[in-house]
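From first to last, the protein sequence lines are chains A and B. All residue numbers for the first sequence refer to the working numbering, where the first residue is 85 and numbers rise by one. All residue numbers for the second sequence refer to the working numbering, where the first residue is 40 and numbers rise by one.
Think of the hints as simulated: they come from the structure by calculation, not from any bench. Just so you know, even glycine gets a beta-carbon here, dropped at the ideal spot from N, CA and C. Do not take every clue at face value.
To be verified - Below, a sample of chain A positions facing chain B; criterion: calculated Cβ distance under 10 Å:
1) Gln105
2) Gly127
3) Lys141
4) Leu149
5) Ile181
6) Leu185
7) Phe218
8) Ile242
9) Ser245
10) Gly266
11) Phe336
12) Arg488
13) Leu490
14) Trp494
Unchecked claim - List of simulated lysine-lysine pairs, PhoX-like, C-alpha gap at most 20 Å:
15) B:Lys224 / B:Lys73
16) B:Lys398 / A:Lys222
17) A:Lys219 / B:Lys409
18) B:Lys231 / A:Lys99
19) A:Lys179 / B:Lys414
20) A:Lys277 / B:Lys73
As the list claims (entries may be wrong) - Coverage of chain B stretches by chain A, computed from C-beta distances (three or more under 8 Å per stretch; other residues unrestricted):
21) 376 to 383
22) 393 to 402
23) 436 to 450
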Amino acid sequence: MPFIKIDEKEFEVAKGTTVLQAALANGIEIPHYCYHPVLEVVGSCRMCLVQVEGMPKLQASCNTLIGEAPSNKKLDGKYDMVVNTQTDVVKQERKNILEFLLLNHPLDCPVCDQAGECYLQDYTFKYGNAHSRFKEEKRVRPSEFLGSNIVINQDRCILCSRCVRFTREISGTNELFVQNRGYHSKVSILEDKPLENLMAGNVADICPVGALLNTDYIHKNRFWNLDTIPSVCQDCSAGCNVDVFSQRDEIFRLTPRENHDVNGYFMCDIGRYGFHRFEEIERVNQPLVRNGKSFDVIDWAEAIQKTADLIEQSNGKTAGIVSPFHTNESNFLLGLMINGILGMLPAIQAEEITYPYGFRISADRSPNQRGMNDICGGLAKDLSSEIKKQAIRGLYILDDGVDRELDDAWKEILANMDFLIVQSYAMTDLSKLAHIVLPGLAPYEREGTITNDQDRIQWLRPSLSIKAESKPDWEILMLVNNALNKKAENFTGLDDVIIKMGEQFPNYSGITLFKIATQGIALNGKKM
Amino acid sequence: MSAFKPVLTQHIYQQDCHTLPFYQSVGGYTALEKVLTMDPEDVIDVVKNSNLRGRGGAGFPAGIKWGFLPKDMVKPTYLINNADESEPGTFKDRLLINKAPHQMLEGMLIAAYAIRCNLAFIYIRGEFYKEAEVLEKVLSEAYAANLLGKNILGSKYDLDVIVHRGAGAYICGEETALIESLEGKRGCPRLKPPFPALEGYLKCPTIVNNVETLSNLPHIINRGAEWFRSIGPEKGPGPKLYCVSGCVNSPGVFEEPMGTSLKKLIYENAGGIKNDNQLKAVLPGGSSSAILTAEEAVTLNMDFDSLMDAKTMLGSAGIIVMDDTVNMVQACLNIARFYAHESCGQCTPCREGTTWLVKMLTRMVQGGGKAGDIKMLYEITDNIGGLIDFSKGSFGKTICPFGEAVAWPIRSFVEKFESEFINYIPQQETVA
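Chain A extracted, bound-state conformation (with noise of 0.2 Å):
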C-alpha cells in the first residue's frame, strides 16, 4: 500500500485512489465542486488544485492517482507521494479560482435558499478574497424551469456539471446538458424532454450552490431555522435513509442522507415530496366511539376498555390486522395481544424501477413488509377465507392510513362482523367502518423500528409532535393488552419492546435504537 504525506499527515491508502479522495477520507479538506464520489471524474472546477512535490504545475488532486514510487524513489526515502494543500501557491490559486466563479454571480445570498449549505458562499467565506475586482457589467440570464420542481438560477451557476453527469450516470435519463460553448454555456433541456423522472428532485441536492432548487422548497425558510431529524422514509420498502427538515411541527423538506448500504447518496422524489400527503389529511385526534351512524368522543380509558371488554367477549374470534406501514413494535404487540389469526388486508403494489446507476424504486409500496412477516410468527395466507373458517366475529385492525378499493369478499367481511376496532390516525374508509377508532401517530410523528427488503433494521425517528389526545400506537396496544391481561407486561419504552421482540424472534435479538443509530443494522449476517 503506498505510504503518503499530506501537508502533516503520513498514512496509507489503497493503490489507485485520488489524491482528493484520499484527503477526504482522513480528514483533510480540499475544496472542490465538480468532484462527486459517484459521478464521472471531469475536472473541470480547478478548486481542488494542490502541489504535488516533484510534479512542476498544481495538480487537479480530483484526477491525480496515488501509487507507488520504486523503492529507490521515496519521497524523504519513505514517501510515495508527498501533497502541500496549505502552500501559498495553492492558497492564491483557491483566491483565483473563487474570484473566477463570483465574476458575475449576483451575491444575493440573502435570498437565496441555497445559503448556509453553500460551497460557494463556505469557500468564498474560507478561502476566497473579501473584495471583488471585476469593474465590468456582471451577466445576467433569467432563471429557467427545467422541470416542474427543478428551476434553475442560471446566474448562480457554476458549470460544475454534476447535475448533467447526474442524469447521464445516475438516472441515465439525460435530460440535462450543457447548452453553448464558453461564456455562454449553460445547464439546459431539449424543450420535448424536461427533466421528468423519479429521481429529479437529487440534481437540487448535489448542486454545490443555489442554482439548481427544488420548487417545492424555494423560497419557504432558510436552512439554519429548520431542524434536521435522520430518519428513514416510508413510502416503499428500499427504506432510502433521508434527513427530516421541520420547524415548529412542519416539515419543509426532505433530503437524501447518505448510506452506502441502503441508497447511497439518493432519493426519489416519491419520498422527497411524499411527506406532503401527511399535511391535509382528516386527523382522528381523540378516541371514537360508535353512534348509530355517526361517532361520540370518548376519553381514553373508556375507549381502552370497551375494547378490551369487546375482544373478551369475543371469546378468542378477534382476529388482528397487522400492517406493512407500521413499525416491528406495533405489529409485534398486536400479535401479543391477540389470541387467534393474524393476517393483513391485501398488499399495495407499484411497479419497480431500477435506474442505471442502482438505485431501486421497490414494488412494495409499505415501508415495513419485511419487519411484519418477521416478527408476527404466522401470517394467515389468506385471510379473507380463515375469518369465515374460523368464524371470527370481531376484527382489531392497525390502519395502514392508504385507502385502497377492497373486493367484494372484503366488503362483506367489514360489514358483518360483530365490532371493528380500527387503530388510526386519520378518518380512512376503514376508520368510518369502525365500532371503536383509537387514535394513532401518523409519519413522521411515529417511532420504531422498520426493516427493509433487503433485511437491514432502521430506526424511524420522529420529526412532530404528537396531535392532540393521540398515542404512539405501540403505547395503545400495550394498554389494551394490560387492560385484558393483568399480567401482561409494561413496557417503559420502545427499547424495551425490541428486547420482547428479541426474545421471542432471535433474528432480532440484541437490537437497540442506539446500535441501529443512523446506519441501520444488517439482519442476515448480523454482527453485534
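Using the hints provided, position chain B relative to the given structure of chain A.
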C-alpha cells in the same frame, strides 16, 4: 547546403496535381509499397530516427508518440488525421489537402500500417467543405485502386478511411476534444492522463497526427531518416510549410527548411511589408504564440527550439505580420475575442477569464481605461494560463493548453507594448 527544393509542395502548381494518376506519375505510393513489406516496428524506428516533430502545434516527436501505444494490444488501434486546421493565421493543411491529398493519404497509410490500425479517420474542419469533397473523391480513387480497403496491394493489410467533418469549433483541434467530437459528443478536451495513445477514440488506443506531419512520411520512407535529419536543425528537422499573413505584400504558404530565418520569410518569401511600412511585431506560430517585437523577430530562426528559447513557439507556423499602423491594444482585443468565443467552457479559469479579458480590453479601447488595468491584465492572464516560466515548465491551470494559448499572446502583447496600453488609460486615472 545546396538550395532547398520544396518537398511537400513540389508539385502543387501542376495541373491535376490532386489526382491519383498524377501522384502515381511522380512516384506516389512507392513508399507505401516499400512499407507494406516492412515490419511495423521498423517503420516506427525509421520515423523515430528522423526526429519528425508534430506539425500541428505542440511539436511532439511523432515516432515517440507512436511508441506510447500499448505493446500487447487487445483493443483495435485508431489513427486520426487532424485536419481541423483552425489556428488563426494558419492555412497550410488546406493547401496540402487541396493540392497534394494523395501524399497525405499515403502518409496516413504508412502511419496506420506502423501502428497496426485498420480504421482511420480524417477529422476535417467544418468550414473546409470543398476540401472535404476533394477528400471524398480521393478516397474513392484510392478504394478503386486498392490502395484502401481489404488486402491493400495484395499485402493482406486492410485499412478503411472515413472523412468526418467538424462543426466549426476551434477547440476540436485539440486531440482529445477532437476524439470526443468524433465520438459524437460535445467537443470538450478530456482530462489527461490517460492519453489517447492508451485510451482515445472509444477508449481504444488512438494516435492523432496533423496533416503536414503525415504528409512528410512518404518522403521519409523513400529518402530515409538521414536525409530528413539533414534538413534544418537536428532536433526538429525537415521541410516546413510557413503561412505568412498580415501586413505583407504577398501573403501565402512557403515551404522552406525548418529553421529558416523569420527575416527571410517576411522580406523574401512574402515580399516585404506592405506600403513600405515598418515591421512592428510578429506572431510566429499562430495567434496562440507570444508576440515578437520587430527587433526580436528579425534575429530569429523558425524552428521549435529557437522560438522556445525566445519564449514563444513555432506552433502551427502561422506567421502573422503587423506593421507600424497596427494598434496593438485593438489587435490584442481581437485575439482575446477569438479565444473568448472559442473557449469550450468546462474549466473555470478559461471560461470566465477569457470573457473578463474581452470586457476589460473593450472598456479600455472605448476610453474607459482605469488605473490598475495593466496590472490586472497581467494577473488575469497568469490566472488563466499560469506563471509563464519556461525553465520550470510551471504553466497550465486548465485541462487543455487552451488556457496557455490565451494567456501567452495576451500577456506578451501587454508586456512588449506596455506603453500603448498605458496610452489607453486617461491621465486623471493614472494620477489618481
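query: Looking at the structure, which of the earlier hints fail to hold?
result: Violated hints (numbers, rising): 1, 11, 12, 13, 14, 15, 20; every other hint is consistent with the structure.
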